[in-house]
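Novice: Below are the chains, spelled out letter by letter.
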Amino acid sequence: MPGTRGAVTPGPPILDVRGLRKSFGPLEVLKGIDLLVDPQELVFVIGPSGSGKSTLLRCCNRLEEPSSGHVWVDGVDILARATDINAVRRTIGMVFQSFNLYPHMTALGNVTLALRKVAGFARPEAETRGHVALERVDLAEKAAAYPNELSGGQQQRVAIARALALEPKIMLFDEPTSALDPELVGSVLAVMRNMRASGMTMVVVSHEMRFAREAADRVIFMDHGEIVEEGPPERIFGAPEEGRTRAFLASVFDR
Amino acid sequence: MDAIIENFFNVPIMVKMFPFLLSGFWWTIKLCLLVVPLGIVSGLAVAMLYATHIRVLKWLVIIYVDFFRSFPPLVLLVFVYYGLPLVGLELPALISVVVAFMLNTSSYYGEIFRAGIESIPRGQWEAARSTGLTWLQTMVHVVVPQAARNVAPDLTSNTLEVMKFTALASVVSFPELLRQAQLAQGLTYNPTPLIMAAGMYLVLLWPIVRLLSRMERRMLAVR
Ligand SMILES: Nc1ncnc2c1ncn2[C@@H]1O[C@H](COP(=O)(O)OP(=O)(O)OP(=O)(O)O)[C@@H](O)[C@H]1O
Ligand SMILES: [Mg+2]
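Residue numbers (the working numbering), protein chains in the order written: chain V, 1 to 255; chain R, 1 to 223.
Only chain V is shown next, with the shape it has when bound in the complex:
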């Protein structure tokens, strides 16, 4: 049932993906994805390796160029010729599995770069906003630290702050905790929980099924470039309808 809306708020969706297809050469990785994400909704995406989860996220901010289909973010057609993609990207936060902090800049420097260069704030204003963002991820005291002086969990939180500082309309997370030692996962999930509580719209690709159960409004199961099944977490985890979903969940929970 493609295009099913979550149950949070009516009104125009923040993310509206229609008929999205993406091929790498002969390999079709996304085979017509339809996805609506409402304001303040947390959509959780699961699926086997290679099913196209990352590619889907990356098409939503055009880090990957879709082969066909449409993507609107907060009403803006991001694939339209006239759209200034750099201006739109400011409104789409992205968090990567490997953090990708700038190693030559402090935490504050990482957070303020786009504030200064994209949002156009002068340094003092950018730094004020940067400190606020670092506070939101509970790292106010690490503003002057370089990435190599931070734990993985702290680095990932700085990366979240870097995106948050730009006040995005939506945040995309691509396996934000997969590169972390188990004891550091909690701090990142706590930050994501806070973001959800404060009303951020989020699409999260992750294997943290417990987090999904507790925090997701909707779970989407992808396989071979298609959305196979979607629904509230209780139903997807408790009573999946599709055989492929059941098989995937069995393989995950067996581990």
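Since the hints were made in silico from the structure, they are not lab data.
Glycine included, C-beta positions come from ideal geometry on N, C-alpha and C.
Don't take each hint at face value.
Said to hold, decoys possible - Partial list, computed: chain V residues near chain R (C-beta under 7 Å):
1) Asn-61
2) Leu-63
3) Asn-86
4) Arg-89
5) Arg-116
6) Lys-117
Said to hold, decoys possible - Derived list of chain V stretches under chain R, where covered just means 3 residues or more per stretch with a C-beta under 8 Å from a C-beta of chain R:
7) 102 to 113
8) 155 to 165
Chain V is already provided as a structure; the job is to place chain R with the ligands on it using the hints.
Specialist: Using the frame of chain V, we list chain R with the ligands on its own:
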């Protein structure tokens, strides 16, 4: 022993020729101050053009770099210095020499920067672009600072080569240090001026050699 002092460390000749050599030394310094920054800037530009991944630009850069790296710099110098006036382009001597050197050195610096830029992981690009930075902003604020740091030893050792290489300008009678030393040697029938010139090169280059070995040690320590 006396013969060695007489021929290589002849104090009266040193005193007499010092101002003459000093004028060459200044020209060498001026050449370095022009050729090194221009080479670095144009090398960086070449590497950035390459990194655009625009096929035409990439090919032009490859041709440019390959050509000027394989073209003998001495011939290049003679070409620019004596050849351009023949086609009606009269340039001041300093400019011709600098242009010829720049064509050559920019291709070397360009290769170094290219390697540095390619050493930066794709994730850095993606993170920066995902926050809305343009390609150029990402290059300038994220990629190049890291790239330059990664290849700092190579940049420094190339700079050392370039500075020594300015002596080549003597073949077109440009009055830099080596040229003046050779003239002085001819005037005095004594090779002492060459030793003096070597001493002056040492003064100029030794700090950079030190810097280089410090950097290399630091890079090793980081690994
Ligand atoms: N740049 C690319 N060039 C070619 N093929 C690609 C590229 N990026 C992804 N693919 C292929 O597309 C398919 C989907 O990749 P994607 O990274 O979206 O999967 P995923 O669901 O995120 O998997 P994982 O759970 O392992 O991260 C894979 O088969 C992958 O090899
Ligand atoms: Mg992935």
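Novice: Evaluate each hint against the coordinates.
Specialist: Hint check results:
1. Asn-61: 6 Å, holds
2. Leu-63: 6 Å, holds
3. Asn-86: 5 Å, holds
4. Arg-89: 4 Å, holds
5. Arg-116: 9 Å, violated
6. Lys-117: 5 Å, holds
7. 102 to 113: holds (count 4)
8. 155 to 165: Answer holds; 3 residues pass the 8 Å Cβ test.
Of the hints listed earlier, the one the structure fails to meet is number 5.
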